[in-house]
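Asker: Based on the sequences and whatever the hints tell you, model everything.
Protein sequence lines correspond, in order, to chains A and B. The first sequence stops at residue 193 when you use full-length UniProt numbering, and every number in between is there. The second sequence stops at residue 82 when you use full-length UniProt numbering, and every number in between is there.
Among the clues, some could well be false.
As the list claims (entries may be wrong) - Mimicking DSS-like on lysine-lysine, the simulated pairs with C-alpha atoms at most 27 Å apart in a straight line are:
no., chain 1, residue 1, chain 2, residue 2
1, B, K79, A, K44
2, A, K44, B, K24
3, A, K126, B, K24
4, B, K24, B, K79
5, A, K90, A, K126
6, A, K95, A, K126
Said to hold, decoys possible - Only some residues are given here: those of chain B computed to face chain A with a beta carbon under 10 Å:
no., residue
7, C18
8, M20
9, G53
10, T58
11, G60
In short, the hints are calculated from the structure, not lab data. Here a beta-carbon is modelled for each residue, glycine too, at the ideal position from N, C-alpha and C.
As a plain string of letters, each chain reads:
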Amino acid sequence: MSTEHSPPSTDDADLEFDPAELQALRERVAALEETAADGDDGTKMTIVATQGSFDMAYPPLILASTAAAFGWDVVVFHTFWGLDILHEEKSADLKLSAVGNPNMPIPNAIAALPGMDTVATRLMQKRIDDNGTATIEELIDLSLESGVDLQACQMTIELMDYDEDDFYDGVTTGVGAATALQHMADSDIQLFV
Amino acid sequence: MSSEYQTTETLDVTGQSCPMPVVKTKQAIDDLEAGDVLEVVATDSGSMSDIQGWAGGTDGVALLEQVADDDRYIHYVEKTGE
Numbered sequence: 001m002s003t004e005h006s007p008p009s010t011d012d013a014d015l016e017f018d019p020a021e022l023q024a025l026r027e028r029v030a031a032l033e034e035t036a037a038d039g040d041d042g043t044k045m046t047i048v049a050t051q052g053s054f055d056m057a058y059p060p061l062i063l064a065s066t067a068a069a070f071g072w073d074v075v076v077f078h079t080f081w082g083l084d085i086l087h088e089e090k091s092a093d094l095k096l097s098a099v100g101n102p103n104m105p106i107p108n109a110i111a112a113l114p115g116m117d118t119v120a121t122r123l124m125q126k127r128i129d130d131n132g133t134a135t136i137e138e139l140i141d142l143s144l145e146s147g148v149d150l151q152a153c154q155m156t157i158e159l160m161d162y163d164e165d166d167f168y169d170g171v172t173t174g175v176g177a178a179t180a181l182q183h184m185a186d187s188d189i190q191l192f193v
Numbered sequence: 001m002s003s004e005y006q007t008t009e010t011l012d013v014t015g016q017s018c019p020m021p022v023v024k025t026k027q028a029i030d031d032l033e034a035g036d037v038l039e040v041v042a043t044d045s046g047s048m049s050d051i052q053g054w055a056g057g058t059d060g061v062a063l064l065e066q067v068a069d070d071d072r073y074i075h076y077v078e079k080t081g082e
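Answerer: Spelled out as structure tokens, the structure:
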């Protein structure tokens, strides 16, 4: 078949290996492979989502849904403002901050005027629609459908005076920092957003 | 489009951007049988790299070919196993 990337023929290589050394190396590789295969197979990723602004809701959801497409085991732990992403009512109304956003083409003094966050959010929403970028709700549905574990920090639920029923169906509640850390310790990739 | 593969199904993700081409490709592949070939039609130029990266990092799929045709990007993905 295709030999494009075939390894160099061993016939031509300098075979100056000590057979005993080679055997020892083979055994070491086998032992390491066994260790590596021990316990968990497959890639794991944990994302901690702490931000609940319209723009910051996207990166964790895009990465999580894509990772699930790779067949990875994915947990997104939502805490503090990140909780709003999973909150059915608040999620539909996330705002982009016009103030303190260096990417905004308007000075902070004007951005601070009432209603400017709404204007900035509408502009961003329009760009998202025009570009065919998925909505936050679509990404949440996709993530849940594909087996991503979207977790809502219990302490923050109580802190924000939310109810467990306020969240999308399928969201995991009743979890805290220890649950997140446990998955992070097992993960190949840990991201804090 | 391609005469080399027997395309089993076509997935239209035109007008959609990251991560949809990859995520929808994965979902469509899940519904196919081993040996089936999925044709993915996208307009997202990032899908050239993304579908390649996804196929390379995912078991049970093989990327057969990618074609850039005007502003459309067409990918042929075979389901090789479970």
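Asker: Decide if the proposed pair is consistent with the structure: K95 of chain A and K126 of chain A, CA atoms, cutoff 27 Å inclusive.
Answerer: holds, 13 Å
Asker: Please verify whether K24 of chain B and K79 of chain B have alpha carbons no more than 27 Å apart.
Answerer: holds, 14 Å
Asker: Verify the interface restraint on C18 of chain B: the C-beta must sit less than 10 Å from at least one C-beta of chain A.
Answerer: holds, 7 Å
Asker: Double-check T58 of chain B for me: the hint is only fine if its C-beta lies closer than 10 Å to a C-beta in chain A.
Answerer: Hint holds; T58 of chain B Cβ to chain A Cβ min 5 Å, cut 10 Å.
Asker: Please work out if K79 of chain B and K44 of chain A have their alpha carbons no farther apart than 27 Å.
Answerer: Measuring from Cα to Cα gives roughly 23 Å; hence the hint holds.
Asker: Any CB of chain A closer than 10 Å to the CB of G53 of chain B?
Answerer: Constraint on G53 of chain B satisfied, holds at 9 Å.
Asker: Is the interface hint satisfied for G60 of chain B? The criterion is a beta-carbon contact with chain A at less than 10 Å.
Answerer: holds, 9 Å
Asker: For the pair supplied as a hint, K90 of chain A and K126 of chain A, confirm whether the alpha-carbon distance does not exceed 27 Å.
Answerer: This hinted pair holds, its Cα atoms lying about 19 Å apart.
Asker: So if I understand the rule, the pair passes when the alpha-carbon distance is 27 Å or less; does K126 of chain A with K24 of chain B pass?
Answerer: holds, 23 Å
Asker: Grab the minimum C-beta distance from M20 of chain B to chain A and call the hint holds if it beats 10 Å, violated otherwise.
Answerer: holds, 6 Å
Asker: Would the hint linking K44 of chain A and K24 of chain B be met if the CA-CA limit is 27 Å?
Answerer: holds, 21 Å
Hint compliance for this structure: every hint is met.
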